[in-house]
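Visitor: Chains as they are written, first to last, in numbering that gives the first Met the number 0: chain U, 0 to 242; chain V, 0 to 242.
If you are wondering where the hints come from, they were derived from the structure by calculation, not from laboratory data. Since the structure is predicted, the reported quantities are computational estimates derived from the model, not experimental observations. Careful: at least some of the hints might be erroneous.
[Said to hold, decoys possible] Below, a list of computed lysine to any residue pairs in the SDA-like style, where the Cα atoms sit at most 25 Å apart: (1) 133(V) with 55(U); (2) 69(V) with 232(U); (3) 97(U) with 117(U); (4) 69(V) with 114(U); (5) 69(V) with 19(U).
[To be verified] Residues of chain V clear of chain U, computed beta-carbon distances all greater than 12 Å: (6) 2; (7) 23; (8) 29; (9) 44; (10) 64; (11) 72; (12) 79; (13) 108; (14) 157.
The beta carbon of each residue, even a glycine, is placed where N, CA and C say it ideally should be.
There are 2 protein chains.
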Amino acid sequence: MTDLLSPDQLEDALRTIGVERYHNLHPFHKMLHGGQCNKGQVQAWALNRYYYQCGIPRKDCALMANMEQKEMRLEWRQRYFDHDGLGEDEGGIERWLKLTDALGLDRDYVMSTEGILPATRHAVEAYIHFVRDKPLLDGIASSLTELFAPAIHKERISGMLVNYDFVDDSMLGYFRERLNQAPRDVEFALSYVRRHAVTVPQQRAVLNALYFKTDVLWAQLDALYLAYVEPDMIPPGAYIPAG
Amino acid sequence: MTDLLSPDQLEDALRTIGVERYHNLHPFHKMLHGGQCNKGQVQAWALNRYYYQCGIPRKDCALMANMEQKEMRLEWRQRYFDHDGLGEDEGGIERWLKLTDALGLDRDYVMSTEGILPATRHAVEAYIHFVRDKPLLDGIASSLTELFAPAIHKERISGMLVNYDFVDDSMLGYFRERLNQAPRDVEFALSYVRRHAVTVPQQRAVLNALYFKTDVLWAQLDALYLAYVEPDMIPPGAYIPAG
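Using the sequences and the accompanying hints, generate a full structural model.
Guide: This is how it looks when you write it as structure tokens:
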């Protein structure tokens, strides 16, 4: 981009990134919700994604550390609570562990994260470092994959329930919660980006932040595909499904 | 230090740093609680320290971003809540603004932080960067000035009430709260440091972290002294007390 966009044009450009690059387009996602994964592949996905779930509250804390205004931190911290929990809410990490439990993965093994793929670790760490080190605007913009998340969560819930006899409704609490949380979260972030990306370099940075984030998500599914679909090259130390 | 210390010896060494270098030893602190400050000097202190208060929750978020274990974040976040507030608790930043209000400082001016001394800004930013960039152990150890804080808060409350007719009890809520919060906080941090600083380099890092933090506090009072006591060299742009 070389010309300054209006806020609506910027939002359109951001939404286009989702249409073109969000990980719902990835072959592994299509297999997962379409019922073409075997149980070991679903386990590998849940095990690896646990590390992503653990990284999100750290990422949100890193972002809050960059917020000089208390009001912004108070706005943003609900995301942190969504994952680590607060009061009655056990939080998303705990809900994710209910899924890995129900898939038959040992909880200590999951929490140790020792069986995850190296590329999962790198992608999640890259996300935390991006948010920590870049300007606040870029960090906030990188959260905007939430624009595209509700559709994928719905797809996961219905697809996984219909297609896998080892998945039942009680395992999918995480996704159901996210259906409510993501739209609420994205409202603040989108409005912030629309108001604060007012120069060409800022708009470019905002678009790049969302490209970066779609890459973070995509790379995790790429790694799963290579290791557990084809050519089935599981790296040393990574989880080996039973059978 | 060259020999490995026992946990008790390490704690003694940490406490010695407080005895030798905590900012209760600084001439400005002695003036402040001893009643030798004029109102402008008390205002300048409260104005500058507001920026430190604002930095603390950012520092705690930066530290939490470095905590891979949810349980540690849940333990640490009470410190964050102490400053930004949660539910009924308005938080320490708001309590500090009650003090600056009562001292006759304009709240918008205080919150803009535009009148603070450059050295205040540098010290606070240095603290946030230290915690963000150093190992978690160093970041936790840097909080251990809380070992020495209750004594100074008590001194401030009694000294300021006795010595200044422009200070009353309602202005000192921040310090009264800290009397309860600091001992609770320090227990976790001290126990963590005792358990995790188990090599000579780690113990050296922990001691250096506390030296660093005492310097962060000392430098802020040095800057106040130079600008507002003697030689009364207020830097360009910094707050100029009335009269």
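Visitor: Against this structure, judge whether each hint is valid.
Guide: Hints versus structure:
no.	hint	verdict
1	133(V) with 55(U)	holds (20 Å)
2	69(V) with 232(U)	violated (32 Å)
3	97(U) with 117(U)	holds (24 Å)
4	69(V) with 114(U)	holds (19 Å)
5	69(V) with 19(U)	violated (34 Å)
6	2	holds (34 Å)
7	23	holds (28 Å)
8	29	holds (32 Å)
9	44	holds (21 Å)
10	64	violated (4 Å)
11	72	violated (6 Å)
12	79	violated (8 Å)
13	108	holds (16 Å)
14	157	holds (29 Å)
Consistency with the previously given hints fails for numbers 2, 5, 10, 11, 12, ordered from lowest to highest.
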